[in-house]
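Trainee: Spelled out, the chains give:
There are 2 protein chains.
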Amino acid sequence: AVAAPVFAQDTPTLNWRLASSFTRGLDTLWGTGELFSRYVREGTNGKFNIRNFPGGEIVPPLQVLDAVQKNTVEMGNSSGYYYHGKDPSLSFDTAVPFGLNVRQMNAWMWEADGMKLMREVYGDYNIINFPLGNTGTQMGGWYRKEIKSVDDLKGLKMRTAGFAGEVLSLLGVVPQQLPAGDIYPALEKGTLDAVEFVGPYDDEKLGFAKVAKFYYYPGWWEGGAQTSLYINKGEWEKLPKSYQSIIEAASRAATVTMTARYDNLNSTALRRLLSQGTQLRPFPRAVMDACWDATQKVYEQTSAKNERFKRILANYMGYRDELVPWFRIAEASYDQYVGAALSRAKK
Amino acid sequence: AVAAPVFAQDTPTLNWRLASSFTRGLDTLWGTGELFSRYVREGTNGKFNIRNFPGGEIVPPLQVLDAVQKNTVEMGNSSGYYYHGKDPSLSFDTAVPFGLNVRQMNAWMWEADGMKLMREVYGDYNIINFPLGNTGTQMGGWYRKEIKSVDDLKGLKMRTAGFAGEVLSLLGVVPQQLPAGDIYPALEKGTLDAVEFVGPYDDEKLGFAKVAKFYYYPGWWEGGAQTSLYINKGEWEKLPKSYQSIIEAASRAATVTMTARYDNLNSTALRRLLSQGTQLRPFPRAVMDACWDATQKVYEQTSAKNERFKRILANYMGYRDELVPWFRIAEASYDQYVGAALSRAKK
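Chains D and P supply the protein sequences, listed in that same order. Under my numbering, think of the first position of the first sequence as 1, with each following residue one higher. Under my numbering, think of the first position of the second sequence as 1, with each following residue one higher.
There may be inaccurate statements among the hints.
If chains are identical, the list can't say which one is meant, so a pair holds when it fits in one copy or spans any two.
[What the hints assert, rightly or not] When the alpha-carbon atoms are kept at most 25 angstroms apart in a straight line, the in silico SDA-like pairs for lysine to any residue are as follows:
(1) 47 with 12
(2) 116 with 308
(3) 310 with 341
(4) 238 with 41
(5) 116 with 269
(6) 47 with 240
(7) 47 with 236
(8) 297 with 341
Since the hints were derived computationally from the structure, they do not count as laboratory data. Please read these numbers as outputs of a predicted model, since none were measured by experiment.
Can you make the complete structure from the sequences, with help from the hints?
Mentor: This is the structure in structure tokens:
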């Protein structure tokens, strides 16, 4: 027989700590963790208190996974792909190049095999994970010079990491991993030529527009970047069922709210940026194609070295290949018609 | 001084009834109400029990709003546009022709003025509303004959209602309002020429493919159809804060889960339908343009008669006009590139 959790039938008073990888200034990413904690606190009549700490305050931003694994903190709010170096399969929990968009990612996680596969991966780290937000398709970043051809990528010192960094380095980019706070000075000094972060609202705050004029799209390495909640497995198993259920509902609620916030804020931020001189550019088709091809190479190389990665990649990309044609029918044709009609109406 | 709610500091045992407009067979629409109730029950340690009744069992499907208003049942799960005849502003709570897609609707409701405006409208009916699901962009329906031009719409007996019916009747369609169960026999007898319901997964279950061969897209009258939770205002105000918070989080969680379910299920359902002879067709551009123009006329006519409708329309469409150009940048260019790349890869 399995022992019942310690306070299974109770509503215990708990004071937990959540280490975030994000800083207070980014009210989108940081704010989602706060919303989640508020739902949990209110739903339990104030009995289950989760205090959120910004990245660097009690745990360095890129060590949140380790801190939850070791139970230094009970909870974390981070992104799987920050730990790409430990295990590239963790990147599927955030985004991988030319992967799922927001809605496809939600469907994969909650209605298909995504959650089961990610739980298997995080199991290695003694962590129970939940989605806790999605930014939507990100922008392709800020560049001091125009990117007119694949050749313009050569030697480009760019702030990016994980898979995107590996793919871009095949095309000559020199990827640099820098915390958010160090990016602006590096761009200003010219020791960095380009940077990608999220999208108009966050990027505007970080001031990139002042030092890099060209703003490219789309961020093909993040078609929909999911952020995650981490819970130490031993602590999770001790929670009463009611608290576990509140965590599940609150994490889904926070996930959809983060996307709504970004969708609400990005549009006006982009308008402000454009009015102040930012030059918006789509990546040239030849650049997109070269990145697509390089991505397939990186996937093959990683699969050859890592059996589990290969298995998850097949599941994830199989799901993409299944869903994308359907999204092109009703959704895309609707969006396209409305977009074109509004453009015509403006003229 | 205002009296404190009866059991504000307590966790009372409550047994509530929720009348749904949907039937058990539609596990997408019906299932979302069940998921919501499960989150509430589990989160309150089984103290707050909401029993869901299918449409027609204790309340007729199209009288859910009235039943909640009169407190015959404490809760309802329905669609605002079913009550278009009472007040056309209620349609904004579901979908209106050429309106917001899923993500834009979520952003309008939760991060902009949507919730405030809809609460104002439902206030007339003594109801507190929450979003409780969104189907995504629907299909344009099933037709026994091809729609090659605007002329082919003339005299078409079509199952549709509300705004879509008003717009289509300007183009010669004869709109019919029928409950889901009566549609199939009417199509079979030929007393109905066309029907729109939701999308591949639900439509397949209702058997439309057996009697109508042509399946059109997109459903321009439902770019993202939101379904709603209704709570009698007096009952809501008596709830303790913790139960109110659990309802809010659970309704957001259920909303995003419904969309994920549809996104997961529609793709394979469409594939089955196509393999069994369904002919997929986009509405011809001239038909879409005629519908767009007729829609603007209906909006003008309705605005001329109804001041509040006019005010909400301006807010809602202003939001669409603000967000759509941004969605065309990162999101649409990403989706389009991936879609085209996969098509090329298949060849």
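Trainee: With reference to the structure, classify each hint as holding or not holding.
Mentor: Results of checking the hints against the structure:
Within a single copy, residue 47 and residue 12 get their C-alpha atoms as close as 7 angstroms, and across copies as close as 16 angstroms, so both meet the 25 angstroms cut-off. When the C-alpha separation of residue 116 and residue 308 is checked against a cutoff of 25 angstroms, the pair qualifies only within one copy, where the shortest distance is 13 angstroms, while the shortest distance between copies is 48 angstroms. In this homomeric assembly, residue 310 and residue 341 come within 25 angstroms of each other (Cα to Cα) only across copies, at 21 angstroms, whereas the closest approach inside a single copy is 43 angstroms. Taking CA atoms no more than 25 angstroms apart as the test, residue 238 paired with residue 41 passes in both settings, with 18 angstroms inside one copy and 20 angstroms between copies.
Taking identical chains as interchangeable, the C-alpha atoms of residue 116 and residue 269 lie at most 25 angstroms apart only when they sit on different chains, with a minimum of 23 angstroms there against 37 angstroms within one chain. For a Cα distance limit of 25 angstroms, the shortest separation of residue 47 from residue 240 qualifies both inside one copy, at 12 angstroms, and across copies, at 15 angstroms. In this assembly of identical chains, the alpha carbons of residue 47 and residue 236 lie at most 25 angstroms apart whether taken from the same copy (16 angstroms) or from different copies (22 angstroms). In this assembly of identical chains, the alpha carbons of residue 297 and residue 341 lie at most 25 angstroms apart only when taken from different copies (15 angstroms versus 40 angstroms within one copy).
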